[in-house]
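Undergrad: Could you put the whole structure together from the sequences, leaning on the hints where they help?
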Amino acid sequence: MMDVLGFDFMQNALAAGLLASLICGVIGSLVVVNRIVFISGGIAHASYGGVGLAFILGLPVLPVTSAFTVCMALIMALVTLRARERVDTVIGVIWAAGMAMGIILLDFTPGYNVDLMSYLFGSILAVPRSDLWLMAGLAAVVIALVLVFYRGFMVMSFDEEFARSRGVPVNFLYILLIVMVGLSVVMIIRVVGLILVIALLTIPPFIAERRTRSLRVMMIVSTVLSGIFTVSGLMISYALDITSGASIIAVAAVGFFISLLIPQKTA
Amino acid sequence: MAEPVVDIQGLNYSPDGLPVLKNVDLRIERGDYLAVLGPNGGGKSTLLKLMLGLVRPDGGTIRVLGLRPGDAGGRIGYLPQHTEVASSFPITVLEAVCMGTVRPGFRGMSGRHSKIDHEKARQALKKVDMLDAQGRSLARLSGGQKQRVFIARALVDSPELLLLDEPTASVDSASRTALFTLLNELNKDMTVIMVSHDISSLASGVKSVACVNRTLHFHKAPEITDDMFTMTYGGAGDQCCPVELVTHGHVPHRVLAPHEQADAVSTSDEGGDS
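Sequences listed follow chains Z and W, in order.
Under our numbering, the first residue of the first sequence carries the number 1, and numbering increases by one thereafter.
Under our numbering, the first residue of the second sequence carries the number 1001, and numbering increases by one thereafter.
Because the hints were derived from the structure by calculation, they are not lab data.
Hints are not guaranteed to be accurate.
Where chain Z lies over chain W, by a calculated footprint (3+ residues, C-beta under 8 Å) [stated by the list, open to error]: (1) 1070-1080; (2) 1087-1093; (3) 1099-1107.
If you want a taste of the chain Z side facing chain W, the calculated C-beta under 8 Å gives, among others [unchecked claim]: (4) Val155; (5) Val168; (6) Glu209; (7) Met218.
Glycine included, C-beta positions come from ideal geometry on N, C-alpha and C.
TA: This is how it looks when you write it as structure tokens:
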């Protein structure tokens, strides 16, 4: 089993999985405590429009998708801040429209077409080294921003109205958070697919939230759990020769159900 | 003369064209202890939110501590009505109270809570008699205990102005008496504005009363008036009898003269005194 670690692609896959775990552990915790899982799902799906745009324009995929996704994320953030009562509808529309736009644009693109499946489940076993550096860079930026504004994020996530009453720039923090979600999602989708992104953003923080007493520890526990799910999922996919993305999600889902059976933290 | 803590003139607030507050004037002096009474949906909480800059008025001016609403955040302690805390948010009681020490603007957003913050938080918890629970997970507390923790959060930073929205909600009667004693104590150092739909909260050393039901009537002294009954309980002599509430408290059975303005809420002429 260990000899598999000798392969370049496996080393890259493990590194990508661990970097994704780090980003998802930190951002996912904020997503869960701020209850913006639905927005994050919307951002992840809408980003497909950016992929289509990049292909039809013949431009590099990553920058175009990032820019497109951040735009969509900003629209959702502004709708959330302005018209709270219609938020879920608007997100649902952007979610579906972005995805449809991506598919239509790819239909119009002559020649090679991206396989939708690889976008949904990613191709963690085919991650190039350059992507690893991008992910590492993003992870560093995300962690630095969260550390710098940690207290603000904590106060906002805990009680937004109170945070506003104290003069904490909640709108700034909220938009920053949504943009970070957008960038993280784009970066990770290329590697692990958008279904896995949502799974990693939500399952480990959900398990961690009920067993920790601070946001900081919740982030650390989520990261470790993501790492465990990713690595064991990869190993299982290799051993059984099954799709790696789906295997990782299956492990996370099993972890989720086991966590429901184990008693929560005591007072 | 000292600058008023809150100075509201000609305030109108009507989101989506529905008037919530109409032509409100209010001037609160330093050291006051104001109870804001009125029926649910009458605009009491909105008035606090307008003072905090959480919602914007459609007309009129508001000055709080001499500043525009929202600019004096670091000098105000606030207890929101429904603290929309995710019940599972991972935090200890002590850290939750520490959040009340966050500074406004970008300066306050970085770093961790200092030793001083923790010490302040312990003192605030002591005041609401929750010090023993400091290390516990907030999610595990009862509604009344959480309410006391949030009151501690409101006063942890020794604000000049304390805004409390229904502080006695879900607090049992023993804690309620303790809370009123505490508010009296705090009132020596800070101006207190307390929103309540419960007229018996007047029993507690309140210095003045504002009745809010779209319009606002200010009473210099905390006597219970007919008007307060009608505003709070929907009309004197209605099916809801307020007498019981009064006799259970220590409220003097006195009645002020009705509002002289024509726009006063129509008070029935038999009078609602007990």
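Undergrad: Next step is simple, just say for each hint if it's right about the structure.
TA: Okay, the hints, checked on the actual structure:
Counting residues of the region 1070-1080 of chain W whose CB falls under 8 Å from any CB of chain Z gives 8; the rule of at least 3 is met. Here's how the region 1087-1093 of chain W fares: 5 of its residues keep a CB closer than 8 Å to some CB of chain Z, so the rule of at least three is met and the hint holds. Counting residues of the region 1099-1107 of chain W whose CB lies closer than 8 Å to any CB of chain Z gives 7, so the stated coverage by that chain holds, three being the minimum. Restraint check, Val155 (chain Z) versus chain W: the minimum CB separation of about 5 Å is within 8 Å; hint holds.
Against a cut-off of 8 Å between C-beta atoms, the interface hint on Val168 (chain Z) holds, since the closest Cβ of chain W lies about 6 Å away. Because the closest C-beta pair between Glu209 (chain Z) and chain W is about 5 Å apart, less than 8 Å, the hint holds. For Met218 (chain Z), the interface hint holds, since its Cβ comes within 8 Å of a Cβ in chain W; the closest pair sits about 5 Å apart.
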